[in-house]
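Peer 1: Sequence:
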Amino acid sequence: IWINPWREPFKVTDFNKPLADLMQEPGFKARLAIAKALDRDLYLKRAQFGRGVPAYGTINPAMGYFFDDTLGESSNQRFDLAEAQRLLAEAGFPKGEGFPKLQMLTIPSNRRESQVVVNIL
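Everything in the sequence shown is counted per this note's numbering, starting at 1 for the first residue and increasing by one.
Because the hints were derived from the structure by calculation, they are not lab data. Idealized CB from N, CA, C, for every residue including glycine. Check each hint, because a few of them may be wrong.
To be verified - Straight-line alpha carbon distances no greater than 25 Å define the calculated DMTMM-like cross-link-like pairs of lysine to aspartate or glutamate that follow:
#1 17 x 113
#2 45 x 69
#3 95 x 8
#4 95 x 83
#5 11 x 25
#6 101 x 80
#7 17 x 68
#8 95 x 39
#9 101 x 73
#10 11 x 39
#11 95 x 25
#12 45 x 113
#13 101 x 39
#14 45 x 73
#15 101 x 25
Unchecked claim - Label pairs and their computed distance ranges (CB to CB):
#16 108 x 57: 42 to 50 Å
#17 95 x 66: 17 to 25 Å
#18 18 x 108: 40 to 48 Å
#19 42 x 20: 25 to 33 Å
#20 7 x 95: 31 to 39 Å
#21 66 x 94: 36 to 44 Å
#22 90 x 64: 36 to 44 Å
#23 15 x 99: 36 to 44 Å
#24 60 x 4: 35 to 43 Å
Make the full structure from the sequences, and use the hints.
Peer 2: Here it is, written out as structure tokens:
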């Protein structure tokens, strides 16, 4: 999922700074909340029929040596619905109130996968 970082409510002024500084920005909190709300294991089960490996970054298993299969345990993006709700509230959207409707742009061949993502979120 790609979320435009230049538009509200996901706007981030600059990603080139420490995580502690990024965590002060409501846009970053909203982006992280969505990442934490996406249950990647459930996505794989429903959209890919159980095939695949949950992704927490841009390095995939095909990259062999560089792939870290323990990243899911330590990633800030790992599934945590309670933390996602807390972050969304801190970003100014308690219980999702006032959060704008998201639009999923996809292609026909990815329709099933897109519907699964929408249903999870």
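Peer 1: Hints broken by the structure, by number, lowest first?
Peer 2: Violated hints (numbers, rising): 1, 9, 16, 17, 20, 23, 24; every other hint is consistent with the structure.
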